[in-house]
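A.B. asks: Given next are the chains, with one letter for each unit.
2 protein chains.
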Amino acid sequence: MKPSIPKGTRDFLPNQVNKRKYIFNIIEGVFKKYAYKPIETPVMENLSTLTGKYGEEGDRLIFKVLNNGDFLAKADKEAIETGNSNRLIPSISKRGLRYDLTVPFARFVVMYQNEISFPFKRYQIQPVWRADRPQKGRYQEFYQCDVDVVGSDSLVYEAELMQIYQEVFAALKIPVTIKINNRKVLFGIAETAGVKELFVEMTTAIDKLDKIGEEGVVTEMTNRGIPSSSIDKIMAMLQIHDLDTLIANMNSEEGKLGCEELKTVFALLKDQGIDDLKFDISLARGLNYYTGCIFEVMCDEVKIGSIGGGGRYDNLTEVFGLKGVSGVGMSFGAARIYDVMEELDLFPKDVVQGMQVLIVSFDEAAFRYGFNVVSRLRKAGIASDIYPKPSKMKKQMKYANDLHVPFVVIIGDDEINSGKLTVKDMENGQQSSLDIESLISRINS
Amino acid sequence: MKPSIPKGTRDFLPNQVNKRKYIFNIIEGVFKKYAYKPIETPVMENLSTLTGKYGEEGDRLIFKVLNNGDFLAKADKEAIETGNSNRLIPSISKRGLRYDLTVPFARFVVMYQNEISFPFKRYQIQPVWRADRPQKGRYQEFYQCDVDVVGSDSLVYEAELMQIYQEVFAALKIPVTIKINNRKVLFGIAETAGVKELFVEMTTAIDKLDKIGEEGVVTEMTNRGIPSSSIDKIMAMLQIHDLDTLIANMNSEEGKLGCEELKTVFALLKDQGIDDLKFDISLARGLNYYTGCIFEVMCDEVKIGSIGGGGRYDNLTEVFGLKGVSGVGMSFGAARIYDVMEELDLFPKDVVQGMQVLIVSFDEAAFRYGFNVVSRLRKAGIASDIYPKPSKMKKQMKYANDLHVPFVVIIGDDEINSGKLTVKDMENGQQSSLDIESLISRINS
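From first to last, the protein sequence lines stand for chains Z and P.
Using my numbering, the letters of the first sequence correspond one by one to residues 13 to 457.
Using my numbering, the letters of the second sequence correspond one by one to residues 13 to 457.
Be aware that a few hints might be false.
Note that identical chains are pooled: a pair holds if it fits in a single copy or bridges any two copies.
Claimed, not checked - DSSO-like mimics (lysine-lysine), calculated; alpha carbons at most 30 Å apart, straight line:
| hint | residue 1 | residue 2 |
| --- | --- | --- |
| 1 | K404 | K335 |
| 2 | K404 | K275 |
| 3 | K191 | K44 |
| 4 | K65 | K19 |
| 5 | K361 | K33 |
| 6 | K208 | K410 |
Hints in this document: simulated from the structure, not taken from any laboratory.
Work the whole structure out from these sequences, hints included.
C.D. replies: Following this line, the structure appears as structure tokens:
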């Protein structure tokens, strides 16, 4: 039998795991400095928790886990007889695989509301599953990396999240533009243009500006039933990039409030010397649960779509029975960040470096001596290894090459007698004779 | 709707995540020093990969994932009509959740045999799923932590793995006894006693020595059809704890080879100053795929069963079509290690410490000032936070208490005017007045 893995899933080889860990470690380090705490939720959730939260399409794409044991005994007979797969599901499956980290987080907040302190600041880095048709760059199992704070409507968290974006991407050395807008501003535009009841239609059209251009947006709005006089007003307002001008031109209390919220965030950030956050009035973010500030991160040098995004929501936990919990959060597009890092060659070399030193030996005595050397190196904290048997030089050096080891220590009679190790620098091929202490300092330097 | 999670699964709150990470970080650090590399495999495997590898009981306990879409269209009609759930599975489910890390690793080695270099040293820390009946301490989703090297029969790896056990448990401060034996030694005992064809029966009985005592083992062997003269010989040999005496008393080439293997491991370790590894001739390890050295770790101070174990196997990858790959590996019982650490109070305090400093403020001006202070602290690498709004002192201090923050910085007019922050040490209640640089050095010290 020739083994394989399911379509849309991946194995991760050591270099890939280490590179991903490098990204997550940097992100986590920043999260912690900002006093966010990690949580983890189970891979399997009750289907009742997941169903109905992601729309009809989402419900279809949730992986369902078959009940164990004699599941047919309780199966919906009528669903079977009528060949109705969808209807059969609830009677033979009560669990599903996590589809995102947001719904499990909302469930978590409601379940542990008496054990956690609000504002509750959490981050979560775990895989999720979606039965999307697999294609290049889209997988059925992939990591999400979310950070949220719930239980406060303070705009200090919007500012803080922007600082986190800035700090993380600076640490990763990815050049980015961080864009911010506010759903209330968009609502204000709709209200000022007299089409507040068509707010969703308007934002859906504006959301496509990048892809279809201004003319396309006009056509889209027309098709979606927005009168042309309103469209003119909307398009004119989208040209305004100054918040005070916008307030002056806005005939909407909510719109003005959105502008004020943005001004507060900008002011808080300016105090910290951050002034490169970009107000983008056309930023809409598809998800309709956002109610305040929204943000998005684009890489300046690789065309790949957004590598991060988020916003404020007011009703995350309501569906699980807890009202009035405002929150704000964002996510890092881990897979795209990985691809950008690869394309811009931003991973430090030592990320994929498994070990610093490999010991090779010619006979049993040399091997025993070498095993003592490798133990000493490891005690000194140096990742190192010994080829497991005295063997032909060629074979052992091939292993060293395959593993890209920077230093090879060669041990034979001379080395045992003199106590000086022959050390080969694999990058330039130079050999030197060093005692073990000198070898340790050389590698540590 | 009142939210819940499936039976047998768990949410992990921040302290739990941080404690588990503490354990895994120590283990991973040691793995890396010994030149082991991380891999990750998908949560979902093809059912064909998993089925038949864990016995009939195991097959039942694998979680099966329902095929997406109109799965009934291809369902086995006869299985439905006869109400045969087991038979229906293959036609409606082609994926299952990972049941352990060993089978996916074997699959991985076979699939990537041309991309990896042998000996291949890998570790893997990921959750697995089993539909066991949930009970105290037994979950349906739990982490496994495995380390293996495949593609070499060198005993240096047995020695190295014992070093890893020693180093990890020393770093965790868990007092342990590491026991070692060799399946060939057990076979030698069976052969010497003239019952080599009853080897499995014998080891199954010996495996229970801890639980049922010597008399129990004798009864068990009798019940399993081992003649009483052989039992006498077996029980006599189990009293021998010296390898040379054992060799002298053994009438079995394979048994003698097992003893020699153990002697080699002991000699390699003695060179490194390790002499507390315990040869335990009655150690059997249930799993029948072990063929050489076997080991087990017991905690000296908490009765909880083994917290680690492993051994050498010769045929791991054969089921996937790759023969002759010898390997040796072991695992850490992550959940039990966690429980032991809790019981012996071994987690360092700062593991659960989310942040060092919380800033509290009395009015808008103080809040703005405080936001600058918290940004400075974070820039200095100090995990810190500001209460998100100027509020009543009592409310803010309660938040600080709930989060167990060691230092609270109180900001009002005096602090803004003087530039000196009021810092309250929450452990002893003392207040001091410090400028921000002094605060940073105090916390970092």
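A.B. asks: Need the list of violated hint numbers for this structure, in ascending order.
C.D. replies: 6
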